[in-house]
Amino acid sequence: MNETKNWQLRLYVAGMTPKCLAAYENLKRICEEHLKGQYSIEIVDLLENPQLARGDQILAIPTLVRKLPPPLKKIIGDLSNKEKVLVGLDLRPRAA
Amino acid sequence: MAGRESSEAILRPKLAKCPTGIRGLDEITNGGLPRGRPTLVCGGAGCGKTLLGMEFIVRGAVEYGEPGVFMSFEEGVEELIQNMASLGFELEDLKEKRKIFLDFVFIERHEIEETGEYDLEGLFIRLASAVDAIGAKRVVLDTIEALFAGLPNELILRSELRRLFRWLKDKGLTTVVTGEKGRGALTRHGIEEYVSDAVIVLDHRIFNQIATRRLRLIKYRGSLHWADEYPFMIDENGIAIIPITSLSLDYAVSSERVSTGVPYQDQMLGGGYYRGSSILVSGTAGSGKSSLAGSFANDVCRRGERCLYMAFEESPAQIIRNMRGIGLDLEPWVEQGLLKFHAARPTLYGLEMHLAMICKLTDELKPSAVIMDPVTNLSITAGPREVKSMLMRLVDFLKNRQITTLLTHLSHPGEVETTTMGISSLMDTWMLVLYRESTGQRRRVLHILKSRGMGHSSRMTEFTITDQGIKLVEV
Amino acid sequence: MDEPKNKDPEKFDKALKQRHNDHYLLRLYVSGLSPKSRRAIENLKEICEEYLKDRYDLEVIDIFQQPELARAEQIIAAPTLIKELPPPLRKFIGDLSETEKILVGLEIKIPIEGGIS
Chain A
5 MNETKNWQLR LYVAGMTPKC LAAYENLKRI CEEHLKGQYS IEIVDLLENP
55 QLARGDQILA IPTLVRKLPP PLKKIIGDLS NKEKVLVGLD LRPRAA
Chain B
35 MAGRESSEAI LRPKLAKCPT GIRGLDEITN GGLPRGRPTL VCGGAGCGKT
85 LLGMEFIVRG AVEYGEPGVF MSFEEGVEEL IQNMASLGFE LEDLKEKRKI
135 FLDFVFIERH EIEETGEYDL EGLFIRLASA VDAIGAKRVV LDTIEALFAG
185 LPNELILRSE LRRLFRWLKD KGLTTVVTGE KGRGALTRHG IEEYVSDAVI
235 VLDHRIFNQI ATRRLRLIKY RGSLHWADEY PFMIDENGIA IIPITSLSLD
285 YAVSSERVST GVPYQDQMLG GGYYRGSSIL VSGTAGSGKS SLAGSFANDV
335 CRRGERCLYM AFEESPAQII RNMRGIGLDL EPWVEQGLLK FHAARPTLYG
385 LEMHLAMICK LTDELKPSAV IMDPVTNLSI TAGPREVKSM LMRLVDFLKN
435 RQITTLLTHL SHPGEVETTT MGISSLMDTW MLVLYRESTG QRRRVLHILK
485 SRGMGHSSRM TEFTITDQGI KLVEV
Chain C
-1 MDEPKNKDPE KFDKALKQRH NDHYLLRLYV SGLSPKSRRA IENLKEICEE
49 YLKDRYDLEV IDIFQQPELA RAEQIIAAPT LIKELPPPLR KFIGDLSETE
99 KILVGLEIKI PIEGGIS
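Residue numbers (our numbering), protein chains in the order written: chain A, 5 to 100; chain B, 35 to 509; chain C, -1 to 115.
Check the hints yourself; a few may be wrong.
Output of the computed footprint for chain C on chain A, the stretches with three or more beta carbons under 8 Å from beta carbons of chain C [what the hints assert, rightly or not]:
id, region
1, 25 to 36
2, 39 to 52
Residues from chain A shown here face chain B by an in silico Cβ test under 8 Å; the list is partial [to be verified]:
id, residue
3, Q55
4, A57
5, Q61
6, I62
7, L63
8, P66
9, T67
10, K78
11, I80
12, G81
Derived by calculation from the structure, the hints in this document are not laboratory data. Please read all numbers here as calculations on a predicted model, not as lab measurements. Quick reminder that beta carbons are idealized off the backbone N, C-alpha and C, glycines included.
Put together the whole structure using the sequences plus the hints.
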């Protein structure tokens, strides 16, 4: 078993497309910079798990889901806007 | 003729059609929706588009052995099952038998943050897995425009929608896409742009406190082509569209006679009414119009045929009682299911809805005769031109089915011939009943003013209404 | 919630490494030797030499001389750059002067706004 991490992130993809790869690469960079040692990333490929598109209500690809800590958050897109990702993950306060 | 047909065949290649099974819809679309293509169904809230979509799926699964996916973006699966149960659709059962697949797509706008490029592959995979799970041939997306509220990037959404419709076409899925009516456009977000094949517009209008549902068919090829408009109704069996706008004059004409139910009256007409013809009985109040109608109804049922009696003035119980007074017992016919009364206050619906109702009842009962007693009251809700147009379409509809139609019409004394709203010209046979002063007595007189295609007596005939029926005496 | 299969990102990690070794096949459609065409050729050559050294093929096609090729590829604007390999096929129109955009479009660089590199 993996050691428990405070941050459990799951990235939904559909095959290994450039957009999905970009999202993963971007996510890794952001996590390494801001959450080093406290995060785990899962990748769920909907092509292999089509039932999860329904089960987890995933429409847009890629979608990043913050499973932990609560509340659940969804960020769609290739995560190329780092500031928005940080805000979406509550790592940075929303601009007033 | 042959030349014209072949050139038409070249100009309009026959599109394969996918029957909907919805009453009347396949008739007006010449066989159904374009097979393997998307059709847009749009209209305002409560216009019936979700129902139309669901009926397309249910009838496809039950009547045509074509499984279908219903993807809802607004109502949850449980909600759908409950709503449709009231219309006699047992979705739960069909779902378990894997004939239909219900899926609720739910987007919570405020829990989604957007950053960078994305696509809707999740939706595609989801739809594809549903289609594959049951081998679906039909798909309904109700209403996909909800995505516009849920996803912030309209540019991506639009290009994905375009890709979605192309995907549906490539898969050969016959699809119904619903859309909410927009301002000055068919749909709020202009999704008609992606659905170029066929558009159905539903509309639920309330005019003079009278509700009318209408359906319009549009062929959408770059520009809008407005076609006919049809009234429709929603009853316990779903949607019923009444295909009665176009007039055709090429119905089969019968030379068979049916008795009027009054012995000497048959003789006056040279043997009775023609089957499938239209008869108008005009007359002043109390002159005996309903008695003639009742006699005819009784005779139709006596022969074991069915008769639909639209009672616009008196209640069925009242009519039965009155007829019993002249020696006609209609009750057994009602019990045997041969005679069906339908009482409707004329002001309850608009003309179109009356017309729709009569046509629907006719298709259900399959009568050989229809009586409307009296049509006069219809003009309470509409002008004479509308009434005439409605009756013209009704008579056409009934003639096409070889159904004999008898209408009664209340006229005012002295102006009988001018107060028939011009409908007498539509009718094959026109008879007048009135009181006449003769030798100091008021007598009832029957006068045949016209009767197409038959020799008839043009003389006035006196008649009496006794407790054993109508008695005619040649004067 | 169903437990997903193969949720380990290992495959993606590998792919990310692999991507830096992909071979590029590029076709640039230009219209004669207009200034725009020349700029496009120069810009593209610079990008290729800097980022794709020894792993690209570049073909320059003059649509005046080979209009049938332009038609076959549905080339409407010139200059047009087509990235044939690695998949997916992508098209770029213009003189390719916005280097960052082209790098992202060619998937040589991961798009990042606001700054890590």
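Evaluation of the provided hints:
For a cut-off of 8 Å, the count of residues in the region 25 to 36 of chain A with a CB near a CB of chain C stands at 7, and the three-residue condition holds. By the rule of at least three residues with a Cβ nearer than 8 Å to a Cβ of chain C, the coverage given for the region 39 to 52 of chain A holds, with 6 such residues. Proximity of Q55 of chain A to chain B holds as hinted, the smallest CB-CB distance being about 7 Å (cut-off 8 Å). Interface restraint check for A57 of chain A: the shortest CB-CB distance to chain B comes to about 4 Å, inside 8 Å, so the restraint holds.
Hint status for Q61 of chain A relative to chain B: holds, with the closest Cβ pair at about 5 Å, below 8 Å. A cut of 8 Å between beta carbons decides the hint on I62 of chain A: the least distance to chain B is about 4 Å, and the hint holds. Hint on L63 of chain A holds. Least Cβ distance to chain B is approximately 5 Å, under the 8 Å limit. For P66 of chain A, the interface hint holds, since its Cβ comes within 8 Å of a Cβ in chain B; the closest pair sits about 6 Å apart.
Contact between T67 of chain A and chain B, as hinted, is supported at the beta carbon level, the nearest pair being about 7 Å apart and thus within 8 Å. For K78 of chain A, the shortest C-beta to C-beta distance to chain B is roughly 5 Å, which falls under 8 Å, so the interface hint holds. At a threshold of 8 Å, the smallest CB-CB gap from I80 of chain A to chain B is about 5 Å, leaving the interface hint in force. Using the Cβ-Cβ criterion of 8 Å, the hint placing G81 of chain A at the interface with chain B is satisfied: the shortest such distance is roughly 4 Å.
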